[in-house]
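Novice: Chain A is already provided as a structure; the job is to place chains B, C and D on it using the hints.
4 protein chains.
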Amino acid sequence: MSDIKKVVLAYSGGLDTSVIAKWISETYNCEVVTFTADLGQGEEVEPARAKAQALGIKEIYIEDLREEFVRDYVFPMFRANTIYEGEYLLGTSIARPLIAKRLVEIANETGADAISHGATGKGNDQVRFELGAYALKPGVKVIAPWREWDLNSREKLMAYCEDHNIPVDFNKKGKKSPYSMDANLLHISYEGGILEDPWAEAEEEMWRWSVSPETAPDQPTYLELTYEKGDIVAIDGKPMTPAEVLTYLNKVGGDNGIGRLDIVENRYVGMKSRGCYETPGGTIMLKAHRAIESITLDREVAHLKDELMPKYAEVIYNGYWWSPERRMLQEMIDASQETVNGKVRLKLYKGNVIVAGRQSDDSLFDESIATFEDDAGAYDQKDAEGFIKLNALRMRIAASKGRSPLK
Amino acid sequence: MSDIKKVVLAYSGGLDTSVIAKWISETYNCEVVTFTADLGQGEEVEPARAKAQALGIKEIYIEDLREEFVRDYVFPMFRANTIYEGEYLLGTSIARPLIAKRLVEIANETGADAISHGATGKGNDQVRFELGAYALKPGVKVIAPWREWDLNSREKLMAYCEDHNIPVDFNKKGKKSPYSMDANLLHISYEGGILEDPWAEAEEEMWRWSVSPETAPDQPTYLELTYEKGDIVAIDGKPMTPAEVLTYLNKVGGDNGIGRLDIVENRYVGMKSRGCYETPGGTIMLKAHRAIESITLDREVAHLKDELMPKYAEVIYNGYWWSPERRMLQEMIDASQETVNGKVRLKLYKGNVIVAGRQSDDSLFDESIATFEDDAGAYDQKDAEGFIKLNALRMRIAASKGRSPLK
Amino acid sequence: MSDIKKVVLAYSGGLDTSVIAKWISETYNCEVVTFTADLGQGEEVEPARAKAQALGIKEIYIEDLREEFVRDYVFPMFRANTIYEGEYLLGTSIARPLIAKRLVEIANETGADAISHGATGKGNDQVRFELGAYALKPGVKVIAPWREWDLNSREKLMAYCEDHNIPVDFNKKGKKSPYSMDANLLHISYEGGILEDPWAEAEEEMWRWSVSPETAPDQPTYLELTYEKGDIVAIDGKPMTPAEVLTYLNKVGGDNGIGRLDIVENRYVGMKSRGCYETPGGTIMLKAHRAIESITLDREVAHLKDELMPKYAEVIYNGYWWSPERRMLQEMIDASQETVNGKVRLKLYKGNVIVAGRQSDDSLFDESIATFEDDAGAYDQKDAEGFIKLNALRMRIAASKGRSPLK
Amino acid sequence: MSDIKKVVLAYSGGLDTSVIAKWISETYNCEVVTFTADLGQGEEVEPARAKAQALGIKEIYIEDLREEFVRDYVFPMFRANTIYEGEYLLGTSIARPLIAKRLVEIANETGADAISHGATGKGNDQVRFELGAYALKPGVKVIAPWREWDLNSREKLMAYCEDHNIPVDFNKKGKKSPYSMDANLLHISYEGGILEDPWAEAEEEMWRWSVSPETAPDQPTYLELTYEKGDIVAIDGKPMTPAEVLTYLNKVGGDNGIGRLDIVENRYVGMKSRGCYETPGGTIMLKAHRAIESITLDREVAHLKDELMPKYAEVIYNGYWWSPERRMLQEMIDASQETVNGKVRLKLYKGNVIVAGRQSDDSLFDESIATFEDDAGAYDQKDAEGFIKLNALRMRIAASKGRSPLK
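Residue numbers (my numbering), protein chains in the order written: chain A, 1 to 407; chain B, 1 to 407; chain C, 1 to 407; chain D, 1 to 407.
Pulled out of the complex, with its shape left as it was, chain A reads as follows (with noise of 0.2 Å):
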């Protein structure tokens, strides 16, 4: 253990990574260097400074991540309509790699040859963060606490705290929460607690960025997207920054009651796991980008992205942002979005996403040959039987030498 030098420590100020930071400190008497980053967690960061200065951290980083999340982690991702399991739109996953690329910067920038993250043995996300920290930095060393000490409850936590000096009013809140929540732009999510029957339906209370569907608004909300590559570049004619459209899409979404899930998973280690989710903003943008290809991608580009996408989420969902087959699928899928252009109109209400409109310069869909009125010779129904004859063919031949599809 001695062998490491300096750790740099994914640091959110909380409670429990300031046991880290002294634990490892103690534990392998090297220096610790915070990293404090804001995602979008709706919480200040610039508090995290005192906290580390108080536990003696001397190189202490804090930084606004919330452009780059979005603009080169979110964004990407939802060019592929992005769903894991059906379900969950990632909004954990995709901030993990970020997070670890900082740690290596950061680590090659002071020195340090280990990182350390605050994640348990059990999740998926000591998974995201180690393998995005080992694909950059191939010799790094990682400390993770949670699979390595045996402060393995509450008590044992706080009797640490008071043996060490560390403030345990760190929580403003009376009392912890009962569950175990992430929170970044794209969304937040509770495991734990009660959530840990599956039949055990989730309090109202539970829910913190969004109304219920019961309490929103009455009326419903217009909003008109405008696309460029298939990302968002502005909202009602506003043109507005990558941040900016998610931060915007959060408040009116959760404002509808839009973007909450309530889920079981398949964790990469192997084991199922019960999740709540909000990601009001997100869940406007899978419906939003939908409806934008629906017009601007050929048939069998988007039917070769809904094949790939499982792979493409799962990869992101296990924790391979940072490996080449993630990058290869992102070529094809950016490859697929040059003609993503034009603009969705969306009615938002208590929990709908409706889609009320898409246009586009780049349109595909042609009203002379779709329509049902004279179509002036545009399409000719003759073709069609010719086209299901040939078609038919290998199932005629099939059937005349005796197979039948009805055994």
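Only true hints are included.
The list treats identical chains as one, so a pair stands whether inside a single copy or across any two.
Simulated pairs of lysine to any residue, SDA-like, Cα-Cα distance not exceeding 20 Å:
#1 K407 with Q330
#2 K401 with D113
#3 K343 with L261
#4 K287 with E201
#5 K287 with D306
#6 K343 with T221
#7 K229 with G402
#8 K407 with D361
#9 K287 with A200
#10 K229 with E68
#11 K311 with E331
#12 K156 with D374
No lab work stands behind these hints, which were simulated from the structure alone.
Specialist: For chains B, C and D alone, kept in the frame of chain A given last:
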């Protein structure tokens, strides 16, 4: 043309197929057998008998196929969580193979050598009817009047009716609907009219099966669905047949504003088209089926199903229900459903289908492992280190040889 | 028919396309432009000029496209290790898009409004020519004489020649080959004749480009191929252009009895057909490309390529080279080849292509880790325990809940 | 360590597993049960009894599993035309699940609570043994000595033997082979030694099961294989059991220089490794199975199998034979083989496996349609026009709206 002796026609009793019945018997100088099916479209089918008789038809088939439709077509499809292009629940597509099968069986019973239908030469339905017919009776002839005749305007059709004494008050309503519609127990669809402009929002008065979310009740409705081998067999503890299940879910779903969809889709014949759909029961079933699978399916089985689903959806959408590849996929899907048993509790509210709980004797959710509390050694967190390090190995080697994921 | 003014015809100089040239100008009363390409089929193309002139053609295009063919079509396809139905190297399929492109470009240059070709209505080539033409020039008209005329027997063709003064000694050989053949720098194909019986073995005298393994030299030939970004750029240290590479490999491969294939394949139009192929250079390139990828590609990238290859092969076989989905797949494939650099050493012997060595500065093979000898800690064997235990977790949970893999 | 009472060891009778037997009983102070299987590796298994007795083993299992191995593992795998990374026929991978199953069954019979094997911590075999064991007996303990002990050099092993009176003349040959080898009825493999340099050509004297193509007979050998449901049931008209089939094909294949392979492959644990393989019978079976499928399988079924094959191969290679996803894939594969009946005629010659004919009562090859001669109207060439035009429609629309495939 003179070599066709008898034709079985998919006959709705409406104006178009009445004209077709007459036109075929005149043009081909042959007998016409009519086949009218109750697939749950919501209209009486018995009146078709008198109309067919008035056209001089001697062999008239009128059948209630609702149970067969849901049991052998809708339910198998929902076992795969089937969605076309991320949105469409295939309500029209899934009814066509059953009609094609009955057309062929009736042709065999009545000694007919041809089948006919009222689908246009621009759409998917002609393909679905005819691929099915060819696969089941390879030497069958097909008459597709809309691809052959010159009655391609409402005026010409009306003139034809007048010339041939076909009563045009067939539609009881004063005026024809502006939409091209299709309905069965799974859904009702709307195309044409103002929908031909993808930027135009659908009118509220168009929708027929559901109230709007705005006018749905202010109180939520809770439902408990019981699954056996992937199919719903009881609701709120009451055993139901497949058609009863779907009928009930359509009612309660429609009452709660659930199941409206407005999309631009890619037809098999190569054009994009705008369609609006109401699928209340199907929307509920998809969400609930994912929920029961989430606790009863193995992760890799679930992911394999997800990867193959777009292909399976395309096969059905394009009309290949009776193909060997559909049956091959179905074998795999059905094999996966052996353990998909248990209950799902749902909350329906103003367009939202919310999962409120799931439980199963076949659950793979293991609370003792997933817990954030003490797991008494059920899971050894130290295992994660080796898991991550070997999963990272290929990327560590690559990075150590100078390959950077950051380019 | 009278609205066609000028047609660009893919003209081989042979009897069939000479009849077609005459038939089109008579039937459509229009001008014909001939286009003859040297794709490495092994026959002079210049004699086509005099033949075209004799038919009264005024605009005659004769071009050497060998380099473009190999560089822009064959090489990109081999980057994907492309095989159709496990066996076929797509020698005919890959030449058609280039011909389609030139037909369209010449139509644009000469103001022609139609293109034509000599492919039959039963085969894949008509599809490939016409899909390409429509994708590149959407309003183009297509004349496919074999689908239109009644000259569907050799006798009628001969009678037509006599009536129109078309010299029938076009084929220098005394009698016509019993096979339908197609050749280019990638392969030569044989269909028809006794091959129409899948139980009949091909005759030795049919094969033209290769000796039989039996008559190949008793001494092996060694080759060293140099790769850059997935393409061969030198052989035995000598830099070569793409066409030079393939020409050389055809020669040395054919001399060593390499590249014969005898299969039954599934055509896009729905029938099975028997074909024999000689692809000496392609057979060598496939084996060698897999070898260089085996040390330079990441595992997951290689597996993703393998999973997508059948789709990519089908796209090319079916004629969709100029489709957006082919280009999307190509983006991904090409992106993977950045590091596919290095050398492969091969041994050719009587039909066998044997890999004798591979090396690369971009190799990911790490002897210090892979070794059975002492690895000095490069790999910690204890990591495997956790790797296996977590990969097994979902199966252990399932088994502990009573699910048996043994049924 | 003291909680293990009895261990079932996969025991070859060789030096390594003899040391392991002793080491386990000493280290864990527990009983050892040995299990030795004849999988067709070509060595007597009965001598293992005396060796085990000499080590003090009381419960000794020696079994001939050749028929079960080929019938339930090799043949099902070949129904899918399974190849890993384009080259490898999975000869080692496919034997491991059977051994894992027997280890677990013997553990259940003898009341053992652990299993053990002699695979190293760097390879795939440890994963395959252990995943199988965990899937079949979730609470089983695993002892993997190579990951635990410090006998990691030949010298230490020898010293251990001397200290424990284990006879080291176990290997009758004067010196140990320079290669790490594994053999069963499907193949023999070689790793290590000079093969650790991917540029080094394998020595001729390394190969044991096949002559070189150079020294194979100058006369070809013809074979006729009879298939039922995708499996070979007779050769040259003589009915054979699965193990007889493979034994025979190994003999005749090896005699004709067939089945040698030299590759660099990607291991599941994350490293690349060089391996040489001899698989004479498997090489013949793969070629022949493709041939019989080529006339009996529907096109889309064949293509679906091809698309899923890489996944299926990966599942087996990585050790997931006993997983639910393998069984799900197998259901689909087996369902496709119902009609894979008939005969394949092969010519074997100096390393080449050449298909000389295929026939089947279930053939879908329709000569009357495929013929280049007059087909008497079986196929209407005019159908192709509509087929092509509608398949082109999406591309024509795109081009007419300014999208150019040429960029």
